[in-house]
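Student: Heads up: the sequence lines are chains V and P, in that order. Mapping the first sequence onto this note's numbering, position 113 (from 1) lands on 113, and the numbers just tick up by one. Mapping the second sequence onto this note's numbering, position 117 (from 1) lands on 407, and the numbers just tick up by one.
Derived by calculation from the structure, the hints in this document are not laboratory data. All values reported here derive from a predicted model rather than from experimental measurement. Idealized CB from N, CA, C, for every residue including glycine. Please note that a few of the clues may not be correct.
The following label-pair restraints were derived from C-beta to C-beta distances [unchecked claim]: (1) V:Gly256 x P:Glu539: 16 to 24 Å; (2) P:Lys395 x V:Thr260: 19 to 27 Å; (3) P:Arg317 x V:Lys168: 30 to 38 Å; (4) P:Arg331 x V:Val136: 31 to 39 Å; (5) P:Lys329 x V:Arg216: 57 to 65 Å; (6) V:Arg216 x P:Phe347: 34 to 42 Å; (7) V:Arg279 x P:Ser293: 28 to 36 Å; (8) P:Ser406 x V:Lys131: 41 to 49 Å; (9) P:Gln335 x V:Ala165: 44 to 52 Å; (10) V:Glu275 x P:Lys395: 21 to 29 Å.
These are the residues of each chain, in order.
2 protein chains.
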Amino acid sequence: MKSELFKQMAVIGVGLIGGSVGLIARRKHLVRSVVGYGKKRGELQRAVTLGAIDRYFLSPQKAVEGADLIVLATPVGMFEKIACAIAPHLKEGAIVTDVGSVKGKEVERIESLLPSYVSFVGGHPIAGREKSGVEVASADLFSGMRCILTPTPRTHPAALKKVAALWKALGTTVIEMDPLVHDQIMAAVSHLPHLVAYALMETLLNTRVAKQDPIRFSAGGLRDFTRVAASASDMWRDIFLLNGARIVEMIDLYQGVLETLKKKIIAQDGAGLIEILDRARVLRQSLIGK
Amino acid sequence: MKSELFKQMAVIGVGLIGGSVGLIARRKHLVRSVVGYGKKRGELQRAVTLGAIDRYFLSPQKAVEGADLIVLATPVGMFEKIACAIAPHLKEGAIVTDVGSVKGKEVERIESLLPSYVSFVGGHPIAGREKSGVEVASADLFSGMRCILTPTPRTHPAALKKVAALWKALGTTVIEMDPLVHDQIMAAVSHLPHLVAYALMETLLNTRVAKQDPIRFSAGGLRDFTRVAASASDMWRDIFLLNGARIVEMIDLYQGVLETLKKKIIAQDGAGLIEILDRARVLRQSLIGK
Numbered sequence: 001m002k003s004e005l006f007k008q009m010a011v012i013g014v015g016l017i018g019g020s021v022g023l024i025a026r027r028k029h030l031v032r033s034v035v036g037y038g039k040k041r042g043e044l045q046r047a048v049t050l051g052a053i054d055r056y057f058l059s060p061q062k063a064v065e066g067a068d069l070i071v072l073a074t075p076v077g078m079f080e081k082i083a084c085a086i087a088p089h090l091k092e093g094a095i096v097t098d099v100g101s102v103k104g105k106e107v108e109r110i111e112s113l114l115p116s117y118v119s120f121v122g123g124h125p126i127a128g129r130e131k132s133g134v135e136v137a138s139a140d141l142f143s144g145m146r147c148i149l150t151p152t153p154r155t156h157p158a159a160l161k162k163v164a165a166l167w168k169a170l171g172t173t174v175i176e177m178d179p180l181v182h183d184q185i186m187a188a189v190s191h192l193p194h195l196v197a198y199a200l201m202e203t204l205l206n207t208r209v210a211k212q213d214p215i216r217f218s219a220g221g222l223r224d225f226t227r228v229a230a231s232a233s234d235m236w237r238d239i240f241l242l243n244g245a246r247i248v249e250m251i252d253l254y255q256g257v258l259e260t261l262k263k264k265i266i267a268q269d270g271a272g273l274i275e276i277l278d279r280a281r282v283l284r285q286s287l288i289g290k
Numbered sequence: 291m292k293s294e295l296f297k298q299m300a301v302i303g304v305g306l307i308g309g310s311v312g313l314i315a316r317r318k319h320l321v322r323s324v325v326g327y328g329k330k331r332g333e334l335q336r337a338v339t340l341g342a343i344d345r346y347f348l349s350p351q352k353a354v355e356g357a358d359l360i361v362l363a364t365p366v367g368m369f370e371k372i373a374c375a376i377a378p379h380l381k382e383g384a385i386v387t388d389v390g391s392v393k394g395k396e397v398e399r400i401e402s403l404l405p406s407y408v409s410f411v412g413g414h415p416i417a418g419r420e421k422s423g424v425e426v427a428s429a430d431l432f433s434g435m436r437c438i439l440t441p442t443p444r445t446h447p448a449a450l451k452k453v454a455a456l457w458k459a460l461g462t463t464v465i466e467m468d469p470l471v472h473d474q475i476m477a478a479v480s481h482l483p484h485l486v487a488y489a490l491m492e493t494l495l496n497t498r499v500a501k502q503d504p505i506r507f508s509a510g511g512l513r514d515f516t517r518v519a520a521s522a523s524d525m526w527r528d529i530f531l532l533n534g535a536r537i538v539e540m541i542d543l544y545q546g547v548l549e550t551l552k553k554k555i556i557a558q559d560g561a562g563l564i565e566i567l568d569r570a571r572v573l574r575q576s577l578i579g580k
C-alpha cells in the first residue's frame, strides 16, 4: 500500500493521544499493525475493541519487539524509565518518537539513553481534551492542529522526515522548533494557563463559597475558565516538574502583573486599570480572530 | 393584557443586558412601552430597529418621565450619578432596579439618593457574553439563568415582588441574597476569575511569545481561558473598583495558592502537586456535572 509509512508501530501508553495516533494510523493504513503497551489489561482490551491497537502487551519490552516506530505516549515523567527499559529490545534502525508536552533537556536525556543504531525524534502534537483515556480517543483529534517536532544535532534527517510524514498523515501541520524554545513557548501559552486554572480552583476551595454550589452564580466564565483544571493530574504534575524552571519564570512574571492590578484596585486607579483591560481585550480579540 | 407588569419601562443604558431586558419585555408584553436612554443616537436607533426599545432620549431625565419601572443598565460606576440626575424626575410610586454586578454599599448609596416615594430593588441577572452592545442582545439571554435580588430593610415588599415577577417572566430563577454576601460570592466566582484572565493576557503581552501568534501553539485552553478577557473594559473597571475590598481579599488568597504551587515546583514535590491537582479536578468535575 502506498500510504504505509511503518510496518509495526508500538504505542507506549494507549490513552487519549496514543490511542488516537493508533486509531488514525490504522484507519489510514499508515502502519501494518499497532501494538499497545499499558498497565491495565481492561483498558488495553478496550483499545483493541475501539480499533486503536491490534494487540497489546503488559510489558514495554515485549511491546517494542520488532517495531520500526515506537511512540512514547505516557505522562512525560515516565519517558526516561521507559527508554531505559526498552533500549536493549529495540531493533536496529527503529525510530523512537514521543508526544510529550515538555522537550528541552528531556530530549537530550532520552537520546542519551537509546542505542546509537536507533533514532529519536521529539514530537508534541498541540491537541488535547480535558478528558483522558482511550475512550475519548478520536479520529479527528489532530485535524487542523499543529505538531511541533524538535530535532537536535543528533537527529537523523531521514528519521525526522518519516516522523514528519506520519504527523502530516495524521492531520497536523508540522512545525520544527528548538527543544528549549518549545519549552519557553509552552510555559507561556499552555503551562502557565493550566497552573492558573488549578490555582483558581484551589482558591475557590479555600473559601466558603465552594460549599454553596458556586456554578449557580457564574454566567459560564467559571466553567470555561476551569475546563483545563479537569485534565489528567499525573500528566500535569510531570509537566510542571519537568518544565519547572520555565514555568517558575512565568509565575514570577504573572505574580508581578497580579500585584500591579491589586495596587491599582487599592489606589482606585480606574485609568490605570482600563489601560491593562483594553490591552488584554485587544490581544484576546487577535487570538479569537484566528 | 394579563401578562403586563409595568406600563412604561425606562432602560438606562441599552447594551447587551439592558437591550435584552427591553427585547424580551416587549415580546412577552410585560410592559406597554420601553423608553431607552443612551449616549449614542446611532446605537439607540439600532435598538429601536432590533425591537429592544420603542423610543429613546439622549437625556436620562427625559427617559424616566412617566416610567413606573426604571432599569439601570449602564456600567455600575455610573449608577450614583444617574440616580442623582433622575431623582427629581421620578414619578411617585416608581420602582428603580438595576442589573449591576456589584451590590453591597452601592445599594445603600442608591437608596439614599432616591426620594422616599420611590422604591429601589437591587438586581443582578447572572448572564453575560464576552461581546457587548445591543447588537448581541438576545431573547434567550436569561433563559435558565439565575437573577439575584438584594433587598434591604428599606426595600418595599410590593416592589420586591413586582421586580421578582419581572425577572421570572424574563426567564430567570430568582434568588434573594444580602447585598454584601452577593459581593463576597461574586468576588470569588466571577470577579477573581475575570481578573485572573486579564492578568494572564497582560503576562503573555510581556513575553516575546505574544509576537509569535501564540494561539497556534495552544490546543484551545488559552482560547477558552481568556474568553472573559474580551469583555467590556469599562464595565470591568467599575466592578474591580466598586467591589475592590472583596476582590483584593480574593487576590491575596489566590497569591498564597500560587506561591504554594511555585514552591512545590521548585522543591520538585510531585506528591504535593498531585494533591492540589486532584482536588481541583474533583471541584471542576462537580461544577460541570451541574
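Student: Hint by hint, note whether the structure agrees.
Tutor: Quick rundown of the hints versus the structure:
Between Gly256 of chain V and Glu539 of chain P the beta carbon distance is about 20 Å. The supplied range of 16 to 24 Å therefore holds. Between Lys395 of chain P and Thr260 of chain V the beta carbons are some 26 Å apart, a value that agrees with the proposed interval 19 to 27 Å. Taking the beta carbon of each, Arg317 of chain P and Lys168 of chain V are about 52 Å apart, not inside 30 to 38 Å as hinted. Roughly 52 Å separates the CB atoms of Arg331 of chain P and Val136 of chain V, a value that falls outside the hinted 31 to 39 Å.
The hint said 57 to 65 Å for the Cβ distance between Lys329 of chain P and Arg216 of chain V, and at roughly 34 Å that hint is violated. Restraint check, Arg216 of chain V to Phe347 of chain P: a C-beta distance of roughly 37 Å satisfies the suggested window 34 to 42 Å. Distance hint check for Arg279 of chain V and Ser293 of chain P: the Cβ-Cβ separation is about 46 Å, which falls outside the suggested range of 28 to 36 Å. Here the CB-CB span from Ser406 of chain P to Lys131 of chain V is close to 57 Å, at odds with the stated 41 to 49 Å.
Gln335 of chain P and Ala165 of chain V have their C-beta atoms about 58 Å apart, which leaves the hinted 44 to 52 Å range violated. The hinted range of 21 to 29 Å is satisfied by Glu275 of chain V and Lys395 of chain P, whose Cβ atoms lie roughly 26 Å apart.
When each numbered hint is compared with the structure, violations occur for hints 3, 4, 5, 7, 8, 9.
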